[in-house]
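Participant: Since chain P is already given, all that's left is putting chain C on it; use the hints.
Chains as they are written, first to last, in my numbering: chain P, 31 to 378; chain C, 31 to 378.
Treat each hint with caution, since some may be false.
Identical copies look the same in the list; a pair holds intra-copy or inter-copy alike.
Derived BS3-like pairs (lysine-lysine); straight-line CA-CA distance at most 25 angstroms [stated by the list, open to error]:
id	residue 1	residue 2
1	K242	K68
2	K52	K204
3	K242	K204
4	K204	K71
5	K277	K79
6	K281	K242
7	K79	K204
8	K204	K68
9	K68	K186
10	K277	K71
11	K331	K204
12	K111	K187
13	K292	K79
14	K277	K331
15	K68	K292
16	K79	K281
17	K111	K186
18	K71	K52
Keep in mind the hints are simulated off the structure, nothing from the lab.
Protein chains: 2
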Amino acid sequence: MLFRQLFDQTSSSYSYLIASRKGGEALLIDPVFENCDKYLKLLDELDLKLVKAADTHCHADHITGLGKLRDITRCITVMGKNTKVDLVSMRVCEGDTIDIDNISLGVLYTPGHTDDSYCFVMPDRIFTGDTLLIRGTGRTDFQNGNPHAAYDSIFKKLLLYPDETLIYPGHDYKGDTVSTIGEERYFNPRLQVSSAEEYAEIMNNLDLPNPKMMDVAVPANLSIGEDITRDPDILAATLETESAMVKHGSKNFLFIDLRETKERTRDGSIPGALHIPYPELQNSLRTGGALNTITNSASMKILFFCAYGERSALALRDARESGVDNAMHLAGGYAAWTNANGQIEVIN
Amino acid sequence: MLFRQLFDQTSSSYSYLIASRKGGEALLIDPVFENCDKYLKLLDELDLKLVKAADTHCHADHITGLGKLRDITRCITVMGKNTKVDLVSMRVCEGDTIDIDNISLGVLYTPGHTDDSYCFVMPDRIFTGDTLLIRGTGRTDFQNGNPHAAYDSIFKKLLLYPDETLIYPGHDYKGDTVSTIGEERYFNPRLQVSSAEEYAEIMNNLDLPNPKMMDVAVPANLSIGEDITRDPDILAATLETESAMVKHGSKNFLFIDLRETKERTRDGSIPGALHIPYPELQNSLRTGGALNTITNSASMKILFFCAYGERSALALRDARESGVDNAMHLAGGYAAWTNANGQIEVIN
Numbered sequence: 031m032l033f034r035q036l037f038d039q040t041s042s043s044y045s046y047l048i049a050s051r052k053g054g055e056a057l058l059i060d061p062v063f064e065n066c067d068k069y070l071k072l073l074d075e076l077d078l079k080l081v082k083a084a085d086t087h088c089h090a091d092h093i094t095g096l097g098k099l100r101d102i103t104r105c106i107t108v109m110g111k112n113t114k115v116d117l118v119s120m121r122v123c124e125g126d127t128i129d130i131d132n133i134s135l136g137v138l139y140t141p142g143h144t145d146d147s148y149c150f151v152m153p154d155r156i157f158t159g160d161t162l163l164i165r166g167t168g169r170t171d172f173q174n175g176n177p178h179a180a181y182d183s184i185f186k187k188l189l190l191y192p193d194e195t196l197i198y199p200g201h202d203y204k205g206d207t208v209s210t211i212g213e214e215r216y217f218n219p220r221l222q223v224s225s226a227e228e229y230a231e232i233m234n235n236l237d238l239p240n241p242k243m244m245d246v247a248v249p250a251n252l253s254i255g256e257d258i259t260r261d262p263d264i265l266a267a268t269l270e271t272e273s274a275m276v277k278h279g280s281k282n283f284l285f286i287d288l289r290e291t292k293e294r295t296r297d298g299s300i301p302g303a304l305h306i307p308y309p310e311l312q313n314s315l316r317t318g319g320a321l322n323t324i325t326n327s328a329s330m331k332i333l334f335f336c337a338y339g340e341r342s343a344l345a346l347r348d349a350r351e352s353g354v355d356n357a358m359h360l361a362g363g364y365a366a367w368t369n370a371n372g373q374i375e376v377i378n
Numbered sequence: 031m032l033f034r035q036l037f038d039q040t041s042s043s044y045s046y047l048i049a050s051r052k053g054g055e056a057l058l059i060d061p062v063f064e065n066c067d068k069y070l071k072l073l074d075e076l077d078l079k080l081v082k083a084a085d086t087h088c089h090a091d092h093i094t095g096l097g098k099l100r101d102i103t104r105c106i107t108v109m110g111k112n113t114k115v116d117l118v119s120m121r122v123c124e125g126d127t128i129d130i131d132n133i134s135l136g137v138l139y140t141p142g143h144t145d146d147s148y149c150f151v152m153p154d155r156i157f158t159g160d161t162l163l164i165r166g167t168g169r170t171d172f173q174n175g176n177p178h179a180a181y182d183s184i185f186k187k188l189l190l191y192p193d194e195t196l197i198y199p200g201h202d203y204k205g206d207t208v209s210t211i212g213e214e215r216y217f218n219p220r221l222q223v224s225s226a227e228e229y230a231e232i233m234n235n236l237d238l239p240n241p242k243m244m245d246v247a248v249p250a251n252l253s254i255g256e257d258i259t260r261d262p263d264i265l266a267a268t269l270e271t272e273s274a275m276v277k278h279g280s281k282n283f284l285f286i287d288l289r290e291t292k293e294r295t296r297d298g299s300i301p302g303a304l305h306i307p308y309p310e311l312q313n314s315l316r317t318g319g320a321l322n323t324i325t326n327s328a329s330m331k332i333l334f335f336c337a338y339g340e341r342s343a344l345a346l347r348d349a350r351e352s353g354v355d356n357a358m359h360l361a362g363g364y365a366a367w368t369n370a371n372g373q374i375e376v377i378n
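With the rest of the complex left out, here is chain P (with noise of 0.2 angstroms):
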């Protein structure tokens, strides 16, 4: 496994560079928004190519580079469902993985230290983000911070693992790297309490500042990167939900599921829908490729559709660099199409 742990100096937060090998596809947990452009030049060096940038939860200390990183590298931007966060083209629950090529990291719902904190679990290893610290945990008085949920969330969750399992976290003040679940068991000083009550006590007299950039990050954070479902010529393409229940059967309308098959079998899909992951998108798009020649060849209309509208947004940007014209995206994604009662099918 290629893994680099990156530090940045002004937030003291760390981010984390997964890959399974030189050449394969690599993941971005926590990246920041001020480090981009290292992140790119190092996946070069490395030969990687970035296919998800996942947050932890939505940061109160740094700007994230997720929507930098999805502009530049069209990466699939990750977060947890419970965020708030407007443009996250995947939302992932507890029990479900993020994957990339011969890596997978379980998810786990962690609330605490904000209520769209998780973690993000490998063999060995765990990504806790700010809900556990080496010798420390994340605050809990902001951003619908809970000193009961965080208990809920280290005790009864993180510290069910095995002692030698490796915690790194989202930030280090102190010049620490890595810990493990029993050092933090037996060590942490926050950890040595008896209750939630206890705990809660604890947080609730912490009388922390702010966070210094808190007034700018969150809302910078919200709201990441360019929205582009606004922009004018994807706009002109957006078909609402219930446009597309018309459409929906059409001979001559192809409904395209730009979502991974853990989504589709978790949640269903939309009948008759051809799969196409969005990051086997651009080669199914070049000329020669399929669904350049079925567009082509059948003068068929195509209309993307993913779970939430933004990876289909961003997959009609790449077929109209690909010459592909007759190409539509389902506005709101698979979640608008359900809310709206559309037919769905099971996905085994």
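Facilitator: Positioned in the frame of chain P, the structure of chain C alone reads:
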């Protein structure tokens, strides 16, 4: 393996803690004086016994923790043979190893940043000190630095390792934690040269200010910690080489070699000496231990010696504290003995 990379924010230095298992022996590489309490706490929490602390070279930007760690833990301090630092218990050459239980680090002599720069090598990683940094190299303009020597150390020693070998440097100023030989070979801007002359041209024109702490750190690092050999109680029980030669072979006078097996095999020993490696001494000195029994039952005088007379002075203090009073130590150690043409034997 237990492995911790620890960052000192003041000097942007990396220190490394290595052990094969919880409860086992530990090695610290390039510890920083101000962080010693933190290391000791971590060693205690991980249930590790610090047996060695090694510096890759005499640092100019921070004060080494070697002296403080030795005074508190009685660990063996290790540096390369070419160092001018005074109180080093074990001096290693290229081809030697630095051993703790189940872990052995090879030693490379890599002059250039300073003339006492060494790298320590494990099967999958190299601790490069300031010889090779991530996308950088150590300056060569003080402490007998030499860009031509640095070129040879990097190109003719380090870059001979496989591309996937991990690089753990002595510093990083940009938030990087680890790299590989391959990355540095291809992407380190200073290594894209075709000759030592070209490299020297770059290094001789860096025009860097001296490190902030240089005037404090270098003198402090050349003379580390308390010089136990000058303690009056120790001096009173110190034997100079000539007196020791007279005693050598006497009845009831036992020479005890505190060095490691590898030092003995490399350099030979004094004929008839009993071998008790320094880390095993405490156990032998306690009531019921072999050395305690020998000295008490046989009214035997003992003379500790090591490589340079530092471990033996520590041993003398240990002996006193264990109630063994009939011990002395050899001034200047085996080095002084061989310089005076003392009798030696080959150890196989």
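Participant: All hints are to be evaluated individually against the structure, with a verdict given for each.
Facilitator: Evaluated hints:
1. For the identical chains of this complex, K242 and K68 are intra-copy neighbours only, at 23 angstroms inside a copy versus 28 angstroms across copies, given an alpha-carbon limit of 25 angstroms.
2. Taking the closest pair of Cα atoms, K52 and K204 come within 25 angstroms of each other only across two copies (23 angstroms); inside a single copy the shortest separation is 32 angstroms, beyond that limit.
3. In this assembly of identical chains, K242 and K204 lie within 25 angstroms of each other by CA distance both inside one copy and across copies; the values are 18 angstroms within and 21 angstroms between.
4. Taking the shortest alpha-carbon separations for K204 and K71, only the inter-copy value of 14 angstroms comes in at or below 25 angstroms, while the best intra-copy value is 28 angstroms.
5. Proximity of K277 and K79 under a CA criterion of 25 angstroms is satisfied in neither setting, with 36 angstroms inside one chain copy and 72 angstroms between copies.
6. Taking the closest pair of Cα atoms, K281 and K242 never come within 25 angstroms of each other, the shortest separation being 57 angstroms inside a single copy and 75 angstroms across copies.
7. Taking the shortest alpha-carbon separations for K79 and K204, only the inter-copy value of 23 angstroms comes in at or below 25 angstroms, while the best intra-copy value is 32 angstroms.
8. For the homomeric pair K204 and K68, the shortest alpha-carbon distances inside one copy (23 angstroms) and between copies (10 angstroms) are both at most 25 angstroms.
9. For the homomeric pair K68 and K186, neither the shortest alpha-carbon distance inside one copy (37 angstroms) nor that between copies (29 angstroms) is at most 25 angstroms.
10. When the C-alpha separation of K277 and K71 is checked against a cutoff of 25 angstroms, the pair qualifies neither within a copy, at 44 angstroms, nor between copies, at 68 angstroms.
11. In the homo-oligomer, the alpha carbons of K331 and K204 never lie at most 25 angstroms apart, since the shortest distance is 57 angstroms inside one protomer and 50 angstroms across protomers.
12. Proximity of K111 to K187 under the C-alpha cut-off of 25 angstroms is restricted to the intra-copy arrangement: shortest distance 18 angstroms within a copy versus 51 angstroms between copies.
13. For a Cα distance limit of 25 angstroms, the shortest separation of K292 from K79 inside one copy, 21 angstroms, qualifies, whereas the shortest one across copies, 48 angstroms, does not.
14. Within a single copy, K277 and K331 get their C-alpha atoms as close as 10 angstroms, which meets the 25 angstroms cut-off; across copies the closest is 102 angstroms, which misses it.
15. For the homomeric pair K68 and K292, neither the shortest alpha-carbon distance inside one copy (31 angstroms) nor that between copies (45 angstroms) is at most 25 angstroms.
16. Proximity of K79 to K281 under the C-alpha cut-off of 25 angstroms is found in neither arrangement, the shortest distances being 37 angstroms within a copy and 75 angstroms between copies.
17. In this assembly of identical chains, K111 and K186 lie within 25 angstroms of each other by CA distance solely inside one copy; the values are 20 angstroms within and 53 angstroms between copies.
18. Taking the shortest alpha-carbon separations for K71 and K52, only the intra-copy value of 14 angstroms comes in at or below 25 angstroms, while the best inter-copy value is 38 angstroms.
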